[in-house]
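From just these sequences and the hints, can you work out the full model?
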Amino acid sequence: MELLKVNGQVNVKKLAINVLVPVVGGSIVGALANRDSQEKYAKLKKPSFSPPPWVFPTVWTTLYAMVGIAKYRADEKAQLHDNRVKTNISYDVQLGLNFLWSFLFFKWGLRGTALVEMAFLLAAVTFTAYEFNKHDKIAGALMVPYIGWVAFALGLNYSIVKLNAQ
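Quick note, the sequence shown lines up with residues 2 to 167 if you use our numbering.
These are calculated hints, taken from the structure and not from any lab test. These figures come from a predicted structure and were not determined experimentally. Note that the Cβ used here is the ideal one computed from N, Cα and C, for glycine as well.
Label pairs and their in silico Cβ distance ranges: (1) P58 x L111: 20 to 30 Å; (2) Q80 x F104: 24 to 34 Å; (3) A43 x K15: 32 to 42 Å.
Pasting the structure below:
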């Protein structure tokens with residue numbers, strides 16, 4: 002598949018690591034953060050645009066795979082320019098913020114804090130996409146759905162906070 006080739010080659014090991022870190026990491030975080038929280042979440046007032054619960058793991062798994070491919074492509078291209086530090090830091094920060102949000106919102110019930118954190122996440126994801134795009138246009142483009150979903154999730158988080166304010 003051409004999408005996976007960088008300079009005509011696929012480094013299968015690096016690709017697998019870059020895809021598995023967010024996919025498996027997201028699954029583990031989801032399992033830990035969402036444990037015993039489904040009942041609480043079901044009781045929250047949600048806006049009319051809130052998707053059914055099955056949508057979230059489906060979308061996140063797809064996005065994590067896309068983000069992993071983007072990271073792989075950006076890393077491979079940046080390696081040629083010996084300029085991976087800023088790209089890797091921005092990627093690590095956004096992934097850490099992404100994983101933290103689940104604990105804030107679900108595990109600890111800090112929905113307002115999660116909202117503020119998600120605004121930082123959106124900025125970090127956008128900056129990461131910008132950095133990726135400098136090295137590889139396809140990597141930058143692969144980040145666009147992630148930006149869109151985080152923006153949507155920010156609106157959803159805001160609405161849930163407003164609807165459930167006491």
